[in-house]
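A.B. asks: Next come the chains, spelled out residue by residue.
2 protein chains.
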Amino acid sequence: MAAGAVLYRNLRTFQIWGANTEVGKTVFSTVLCNAARAKRDRVQYIKPVSTGNIEDADSSHIRRFAVDRHLDKDDAFSSLCLHQYELPISPDRAAAVSKLHIPQDDALLTEIAQVLSQRAELGGWAFIETAGGVHSPGPNGTSQADLYRPLRVPAVLIADSKLGGISQTIAAYESLKIRGYDVESVLLFEDDYYQNDLQLKAYFKQHGTPCRTLPKLHAPQPSKEKDEELMLRYYEKHSQSPIIEEILAHMKQRHDDRIKNLESMPSRAHSKIWYPFTQSTMLSPEKITAIDSARGDYFQTLQKGDSLLRSSFDGSGSWWTQGLGHGNPQLMLAAAYAAGRYGHVMFAEAVHEPALQLAEMLLGYLSNPRLSRVFYSDNGSTGIEVAVKMALRAARIRYGWGPNEKLGVLGLSGSYHGDTMGAMDCSEPSTYNEKIEWYEGKGFWFSYPTVSCVDGRWTVAVPPALQQHFGADKPFRSLADIMDLERREAGREYEQYRVFITQTLKKLRDEGRRFGALLLEPVVLGAGGMIFVDPLFQRALVSVVRSSPQLFADDAHFPSSSSAWTGLPVVFDEVFTGLYRLGRRSAASLLQVHPDISVHAKLLTGGLLPLCATAASEDIFRAFESDDKSDALLHGHSYTAHAVGCSVAIESLKEMDKLDATGAWDAFKRTWTVTQESNDDEPVWSVWDKSFVEETSGRARVDAVWALGSVLAITLKDVSGAGYKSTAAKDVQAALFAGDAPEWNVHSRILGNVIYFMAGQTSTQESVQRVQEVLRKVLV
Amino acid sequence: MAAGAVLYRNLRTFQIWGANTEVGKTVFSTVLCNAARAKRDRVQYIKPVSTGNIEDADSSHIRRFAVDRHLDKDDAFSSLCLHQYELPISPDRAAAVSKLHIPQDDALLTEIAQVLSQRAELGGWAFIETAGGVHSPGPNGTSQADLYRPLRVPAVLIADSKLGGISQTIAAYESLKIRGYDVESVLLFEDDYYQNDLQLKAYFKQHGTPCRTLPKLHAPQPSKEKDEELMLRYYEKHSQSPIIEEILAHMKQRHDDRIKNLESMPSRAHSKIWYPFTQSTMLSPEKITAIDSARGDYFQTLQKGDSLLRSSFDGSGSWWTQGLGHGNPQLMLAAAYAAGRYGHVMFAEAVHEPALQLAEMLLGYLSNPRLSRVFYSDNGSTGIEVAVKMALRAARIRYGWGPNEKLGVLGLSGSYHGDTMGAMDCSEPSTYNEKIEWYEGKGFWFSYPTVSCVDGRWTVAVPPALQQHFGADKPFRSLADIMDLERREAGREYEQYRVFITQTLKKLRDEGRRFGALLLEPVVLGAGGMIFVDPLFQRALVSVVRSSPQLFADDAHFPSSSSAWTGLPVVFDEVFTGLYRLGRRSAASLLQVHPDISVHAKLLTGGLLPLCATAASEDIFRAFESDDKSDALLHGHSYTAHAVGCSVAIESLKEMDKLDATGAWDAFKRTWTVTQESNDDEPVWSVWDKSFVEETSGRARVDAVWALGSVLAITLKDVSGAGYKSTAAKDVQAALFAGDAPEWNVHSRILGNVIYFMAGQTSTQESVQRVQEVLRKVLV
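Top to bottom, those sequences are chains A and B. For the first sequence, our numbering begins at 137 and goes up steadily by one. For the second sequence, our numbering begins at 137 and goes up steadily by one.
Do not rely on the hints blindly, as some may be mistaken.
As the list makes no split between identical chains, a pair holds if one copy fits it or if it spans any two.
[As the list claims (entries may be wrong)] With a straight-line Cα cutoff of 20 Å, these simulated EDC-like cross-link-like pairs (lysine to aspartate or glutamate) come out:
| # | residue 1 | residue 2 |
| --- | --- | --- |
| 1 | K373 | E576 |
| 2 | K542 | E576 |
| 3 | K362 | E761 |
| 4 | K298 | E158 |
| 5 | K341 | D318 |
| 6 | K388 | E485 |
| 7 | K853 | D591 |
| 8 | K610 | E625 |
| 9 | K352 | D242 |
| 10 | K866 | D764 |
| 11 | K396 | D763 |
| 12 | K866 | E257 |
| 13 | K542 | E399 |
| 14 | K571 | D764 |
| 15 | K866 | D854 |
| 16 | K373 | D177 |
| 17 | K396 | E496 |
| 18 | K396 | D609 |
| 19 | K362 | D854 |
| 20 | K396 | E361 |
| 21 | K765 | D854 |
| 22 | K794 | E158 |
Simulated from the structure, these hints should not be mistaken for lab results.
Next up, chain A with everything else stripped away, as it sits in the complex (with noise of 0.2 Å):
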């Protein structure tokens, strides 16, 4: 697997990197060097990539003018480079041409990681001299700022003292910084007739980061002896000189409180943090997970010991967000293009790029030709209550019921729409919201049969009190099969199904219930459980209701336009379960339902930062038409459509798309897709193999199994019949989290007895497949 970051306790560890080429990095890297050598700390050179005649080469260079040559026998000084080229040209290029091996990005960092890790016991510190300027090719073509990023080694970056070079070290130090790094000190050539320094003196002071000089080089001699004597008698000058003492002492510091800060933030953290959802007599520090930076699918976590990170796997995609990968430099660049363009301005009555553009991509990709409106708010909680509001109000106009008539929402039991108290609401009673004091659960939610893997069976469960109604549980051949809609809707349960639900409401509007909305997680049901609803089920419900405005008013409605909504406007809330977390643009288009109005959040900005977009209808929006202000939809946050999330979200979704065409999950699918016809071009699949899915529900420990696009979802028999209190999943959780490896582990989230897993739409197959094979080692 590719290699995390980097951190040893004790051996100090910097990258070297150029603001443009010949600005002197290996000069610099010798006097540091040499500067820690005289302070009788070991040291470890690295050149992971060297282009050119290898006797000048850069390690070779580092070698020759070590303080004290002899010294490489106890460890005490060792110049390494890892990959050598012979022509002087960029990397990828020279790499391209000559007969070696040419490492693979990962590979290159494993092979540093693996040479460090050697070293780290030894202590002292190490240098990684990059080649050429920050953003010089790599073996691969890869750009450096990106290709060594997931070590996340702090930097030194040497300036450029000639003509434009202010100009290149202030942008060689923003690639850097944009992606994460920790520049910790910058040193250049004095140059009386530029003096650069001057400039970036002052610039880096500003941004906290020691910026010195070093005296310039004598100029180039023509005999090669002569030149080297200088070189050497430079060395001797300024290895011990004041100034790289003090930016050694500087690196020393900055390291040092690198690892203070990681240690202590947890029990900083456990006592002036109040945590989400979290019950703080049941924390304490030593559970609290430091999180020292992160990249694609991998957190880099504090762990014990002398190698002070690890790589955890994000299992529950940060509370499900994640989609292009942590750290995704498309997603940065994209967010700091829209603060700088914009920051953040005005959206009522206003209108900016970001937002406009968004907005008409979002209604294109959902392709619901119902959909013409984006209501924009900050997360899934606000955008639920926007959908709300949208469609009570639409109901309320329709079917002409006054001021005091009570609506509810029509739902499923265990469905959750977040926490505001609005979205609470919108919930039946349950753990998470009836201690909350206002809390007062408005609607009715229907039980429904459940669809999983059981014992290697895909099984559509029927719960007990449903039985009488349905039958019993039905097995089907392949999940594929209970996602085939069209073929079960010819079938008898489709007919039960209604039936249950007209009679239903039936009696609901005896009792003289009034709804305004059918409001539905498509597909799965996220926090109540990971619950994958029987698709046929959600179908039925939204046909019985679209069909009987009878059921809901005294006054049966039918609008004429066929994009109008009838019945009860249907709500997806696709917070969750949309823009391909279930392999699909939209769970509704499994479903083969087109909701009213439509709520996306999370996965929109790609797993960056927060943003909600709600679509509805024109029919839904013509509701609050009238000629009283007060009549508009009286929602509005600060922020909405801030700039920055929506450039973000417009990047996240054509990536997203792009993905999708290019075929980037075809390996994914092809373990689920074999058994289907072959006609199906949208086919049911997910990252995790179905072979996998299929097997694990076999377990003796394992209830049932789900996967759908990147999720899997994993119900733990709950052995001590303690129920919500059971720790099956939570023992599960543990030994995940101790892992197989000291360099990763698992880091997952559990809901009740469910333990469940979040990739991303970048996850590779290894990264999945290495969860796959530790589970399956937990789970024997």
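Add chain B to chain A, keeping to what the hints say.
C.D. replies: What follows is chain B alone, placed relative to chain A:
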């Protein structure tokens, strides 16, 4: 005033940037000028700042090698250098050693804008060539990338074809991009050896920007004549090459597309966007402001005519969010760094540096010994819901109320806390909420005296219904006198307030009402209409509530800890008032009250993106402790404590503090403090002139005025008697938007008959005075 973005319909304006010095900016500029001329287009070349011998200057070069040198006469071609300094070093140093005039940054932009403006009607092309690399300093040392950003002219980047040039080019591109520049084409010389163009073409293709090459220049010639001859031949050959024709056509297309996009935005938005708080029947495309970009205090908005953009003062601070200016590069860099380092990472039971650092910093910032915990959410509404959940639970536990006891909040009439249902329920019925289907006001709201300047006199106005208790309106010598609470507490009105409040609460208790929190917007009620509440009344209210537990519970209870709440938990909604909005870190400090819970958003991120922090006391926190997981505070959004938001907030708090500490607001303060006691080191002040406020309050159309911190609120007389539907404020708003100059206007928002203005914490005196000036004219 500062120049804004320039965009002329017929003058296709581009800025030529170099990825490095010596990459051929002037050669490519000449090629572009000549190619445009060859198409019989008019051309304007501008070199704003040049260093070195005038003979060798770029503007001379351009003229020397113009295709048709005789075309100057009919304005077909013009080449200008605005500032020439003789020494061939960086412009800041060259300017410093010269005896010549050094233009301020703003003045330089204005000069450029004027040249373009004069040229606009002629149409054609304008090319503005920068000096050195993207971050090379301008004449005052500002990086050019920042210096020229207000003009936001589309960029042509001349890439570096030399060794290391790939890195230099990408770094330069990123530095432009993250400031919100649109880079529309990339040009460079061919180089058979380094072949940077291969990698760069692939890179820019991914970014949707064409990258093209021209052949390398000839080697420098010993004879100047020979050199000129070869140069001329080069231009003759390449000025009409298909490559340059294609690039020019692309640039023309991008220019036209930008205008087309801008001009179509209002109607597209009108058909696709569902606007917050907007009655759609009253909206038409003409009323929608198209925002191209923003910088500092100004939006760049679309206007009719040939000059398509003007600077619009962001009078509502983009719904009260703005503090450190639009497009602030520091906030952008903080956001990008966090996006690169983390993306977003899981927060429940985890910790990352920005979230922890912000919590610690905010607790210190608020100087409230009661507050010890920070809970994160996404915006003010959710932060208030969190606060209410906290307070109600604490009260219920303390007083042993059962789950069926209905609890309300105590507050002030006209208060408003956000648009989610729970936040809405905290306010009394009003136009904002009473039509919302699930709204149910839960509480009691006091009436109170208010503060404003009326006819030049600072007054505490008593509403008629309260005059029996408090007497008539009271005049004061100054706002400072009204805010001198220590002195006023000794007076009779304080006792009157206390008696009235106590009697009211007794009556409520006797009616069987139960309350779980006192919830206040300290000093100013925002959305309720910019109401400046008499701070003495708020102080009395807190004092009575805290000292009278017997008014709220049968089992009155005084906890022993001095930091524990008494009576009821006191919640301050500082979403609008806090973090220097009213001139202090907190509005609580103006009241000299330490709330038990304090909610912060809006300015928390300096105006960039949504984030909220609810700070609470340890005593409140402990109310949620139990052995039962479900007693925890059940609230948490997916992006809780997102790293980007927290990092931007840290930067914002630091920067606002720095502004405070370095006396950035001293000039503003001086207009308010001359009459104050000299020993008051935390004066009451505003960025709006005291004399302006007093003078304006005497205008015939004006009812009352107040200013505090960055806020100015003007209540207009409702001459029509139409009440809420009065158009008095709307008329002023329209006059301000019409503006008094083609390049400038004021965008503002109104609340009923109140028009208000909100400067940022980095607004200049010039900005503020310009608004005051136009207000003086409009309010005649």
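A.B. asks: Checking an output row: K396 and D609, CA cutoff 20 Å. Within, between, both or neither?
C.D. replies: neither (56 Å within a copy, 59 Å between copies)
A.B. asks: Between the shortest in-copy and the shortest cross-copy C-alpha distance, which are at most 20 Å for K571 and D764: within, between, both, or neither?
C.D. replies: between (39 Å within a copy, 11 Å between copies)
A.B. asks: Checking K866 and D854: alpha-carbon separation at most 20 Å within a copy, between copies, both or neither?
C.D. replies: within (11 Å within a copy, 65 Å between copies)
A.B. asks: Indicate which option fits the pair K298, E158 if close means a Cα-Cα distance not exceeding 20 Å: within, between, both or neither.
C.D. replies: Both ways: K298 and E158 sit 10 Å apart in one copy and 12 Å across, limit 20 Å.
A.B. asks: What label fits K853 with D591 when the C-alpha limit is 20 Å: within, between, both, or neither?
C.D. replies: The answer is within: 13 Å in one copy meets 20 Å, while 76 Å across copies does not.
A.B. asks: Between the shortest in-copy and the shortest cross-copy C-alpha distance, which are at most 20 Å for K610 and E625: within, between, both, or neither?
C.D. replies: For K610 and E625, the Cα distance is within 20 Å only inside one copy (15 Å; across copies 76 Å).
A.B. asks: Regarding K352 and D242, is the shortest C-alpha distance of 20 Å or less found within a copy, between copies, in both, or in neither?
C.D. replies: Answer is neither: 37 Å inside a copy and 37 Å across each miss the 20 Å cutoff.
A.B. asks: Using 20 Å as the alpha carbon limit, work out where K396 and D763 are close: within a copy, between copies, both or neither.
C.D. replies: This pair counts as neither: shortest intra-copy Cα distance 63 Å, inter-copy 32 Å.
A.B. asks: Is the C-alpha distance from K542 to E576 at most 20 Å within one copy, between copies, in both cases, or in neither?
C.D. replies: Answer is both; intra-copy 12 Å and inter-copy 11 Å each pass.
A.B. asks: Indicate which option fits the pair K794, E158 if close means a Cα-Cα distance not exceeding 20 Å: within, between, both or neither.
C.D. replies: So K794 and E158 fail the 20 Å test inside a copy (39 Å) and across (38 Å) alike.
A.B. asks: With 20 Å as the alpha-carbon cut-off, assign the pair K362 and D854 to within, between, both or neither.
C.D. replies: neither (80 Å within a copy, 91 Å between copies)
A.B. asks: Treating 20 Å as the Cα threshold, decide for K866 and D764: within, between, both or neither.
C.D. replies: Between copies, since 16 Å is at most 20 Å while 55 Å is not.
Hints 1, 3, 6, 9, 11, 12, 13, 18, 19, 20 and 22 from the earlier list are contradicted by this structure; the remaining hints agree with it.
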